[in-house]
Amino acid sequence: MTSVARRLGRAIDAATRQDDRDLRPLRFPGAFAFVGSGCLLVLEIAAGRIIAPNLGVSLYTWTSVIGVVLAGLSLGNWIGGRIADWRPGRSTLSLLYLASGVASALALALSKNLDALAAPTTWSAELQVLWLTALLFLLPSILLGTITPVIVKLSLNSLDVTGRVVGRIQAAATLGSIVGVFATGFLLISTFGTRPVVAGVALALLALAILSNPFWERQSPGAVNVALAAAVVALFTVGLAATYDSPCVKESNYYCIGIEEDSGVKILSLDTLIHGYVSLQNPAQPIYPYEKVYESVINAKYGKSRPLSSFSIGGGAFTFPRYLARYHHGHSVVAEIDKEVTDVAREQLGLVDTPAIDIIEKDARPVLRDRPKGEKYDVVLGDAFGDIAIPYHLVTREFNELVASRLRPDGLYLINIVDGVNYDFLRSYIHTLRMTFPYVVLYGVPGESGGGAQATFVVGASRLPLPNTATTIQPAQLNAFLAQRHATTLTDDHVPVDQLLAPVFRQRLHESLSGTEQTGAGG
Amino acid sequence: MARPRWLILPIGEPDPRDSRPLRFPGVFAFLGNGCLLVLELVAGRVLAPTVGVSLYTWTAVIGVVLAGISLGSWIGGKIADWRPARSILSLQFLLSAGASALVLVFDSNLDSVAAPFSWPTIWQVVWLTTLVFFLPSLLIGTITPMIIKLALTSLEVTGRVVGRIRAAAELGAIAGVFLTGFVLIQAFGTRSIVTAVAITLAVLGIIGNPVWGVALGRARASAEQSTGGD
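Top line first, the protein sequences correspond to chains A and B.
The C-terminal position of the first sequence is numbered 523 in my numbering, with every residue numbered one higher than the one before it.
The C-terminal position of the second sequence is numbered 230 in my numbering, with every residue numbered one higher than the one before it.
These are calculated hints, taken from the structure and not from any lab test.
Yeah, the Cβ is synthetic: ideal placement off N, Cα and C, and Gly gets one too.
Among the clues, some could well be false.
Listed next, the stretches of chain B that the computed footprint assigns to chain A, with coverage defined by at least 3 CB atoms under 8 Å from CB atoms of chain A [what the hints assert, rightly or not]:
1) 69-75
2) 92-106
3) 145-151
4) 157-171
5) 198-211
From the structure, some residues in chain A lie toward chain B, with a derived Cβ separation under 7 Å [unchecked claim]:
6) G67
7) G163
8) R164
9) R365
10) E401
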């Protein structure tokens, strides 16, 4: 152990020996800043996705990730400035790249078993998320933050051009960030998965550690040591990535998609939530309780009198469009934003393309707006979720008006909704819906509308009275519920969905982190 | 005494008083960058009714804002070397305020400036995001290089000064993200938040203008004169 430490000390010493060559400006400072900053943003995007299967996706997780990365970057810039003034040199830069590569490899190692790293359950949920995020990503963010000031320092040799040099290197760093964001979001995660992406970052940084070393050309001991260390870490990184056992059948641009099978029923989960149950014998059979509520409301309203045309906001397991096609000779337009979810439904959940189901791989709101003007629906089904939250642009008064304009005069708008704790979101949602539709009914979902952190409901809205079912919540009860607390009118200008659902996210995080089994709900 | 024109617009001969370091450069970097991140976070809300919320919208927003900062940093660096001046910094803040206010104008007419329906989704999103958010990002991006330039007085400490101002700017970014995510979106509407950003930038532009330093200097000089005369 001591000999390793001594060797490392000697390596640092050799690599950081001040020497004219060491102070030579980098050949392509912009390229180094570009790749370094790009790596940080790749890590940032991957970070949110790495913690999603454990912690879900909410205001808390994304804020933690952004906060930790920016805080690390900020601290890193400050430290990097001091390092740059204290010991400007390409060898310093090389060591900082090496350390960043090691820190990224470490994050990869830690991400293999997130459960084992959880903070004490007595901590508040926000702190627990912050703890896990910081544990993995604070160190690489700090180290990557130290790099730009050192590059700037190496490139500055006159006060006259400081603005230009700083601006140019900063611009290169920012361009690297852009490429990092786009590449990771659109391409890298869905092609390779989150862990190989982090491994790739570590490898890129290790390569920069070797490339930036000024002694490399003459094969001094310092350069050889840095190269050796980089090679060892690189091997370790590749090993980690190769042995990772992913819980997802597919990591799409949006979710970790999971499929499990339980006595003839396939269960589709997206991140932490169960989004659908599909019977292998009859994929058109609603099994999920909220879909059974949809079924009973639609049967009570229309019976089998005529073929139904419908629009589904979100496809998921595609159970309900298949049900409508089979039992109501229906035609459905389904807006499912995640192409991979649709592909998994085709490959594993028995979804067969038929003229009865039009699948459009886009966001539901522009799709609904741009449908041919004469196309009207008997039923519009709300079934889109980002974690447990309905995306905010699908709950506003303006969107409700759009839905109303697309419904036949007696048409039904049925929405699956998740809320809990003080039910402020559900209350505000119904309050807003009532501004557009004269009749709004709340249906309980058997077994899932009880207390606890999160409960599932179905809300129905129409211009005509809605049918009662066994689980209708009576108007008097509904009015009392609405009057209990303040309801916010949700508009495109002001739609604080995450904040209204914050108590539910917090409670659920607390339960999942303390090991309490949670029941998934969603669609 | 005629008021020197460089106080308001950088015309004519540069005046050494105009390139004096800012009193609190970190505060200016903090608030300027904070404003940009506030805009970035509400951008998703501004665009959602027209183009929805998807990976495309968020990526386009992040990409357009970063591209704006990037180009802005580059242009800002050139401007700073060409003429390091507080009057220019003041102008940069005021223009940024104007560009942020433009977001409000676009917000009321988004559907009418949307790209043709025939374009692929991604280009529709990128088009609209660029139209609305590129200019404010670019202009705010030009600010930090000028602040750094004004603060740099010796080559010995470049690392420290650049590091400190960058750190302040990034702290501002963090504050902007957290404040918007946890407080502003809940408490206020999108339009009010954008208005507040424009006002903050305008105030920074006014405070950063060297006219105050000159006025104070004059007041101090005349005060000294009058006490000296007693």
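We went through each hint and held it up to the structure:
no. : hint    : verdict
1   : 69-75   : holds (count 6)
2   : 92-106  : violated (count 0)
3   : 145-151 : holds (count 4)
4   : 157-171 : holds (count 12)
5   : 198-211 : violated (count 0)
6   : G67     : 6 Å, holds
7   : G163    : 3 Å, holds
8   : R164    : 5 Å, holds
9   : R365    : 5 Å, holds
10  : E401    : 11 Å, violated
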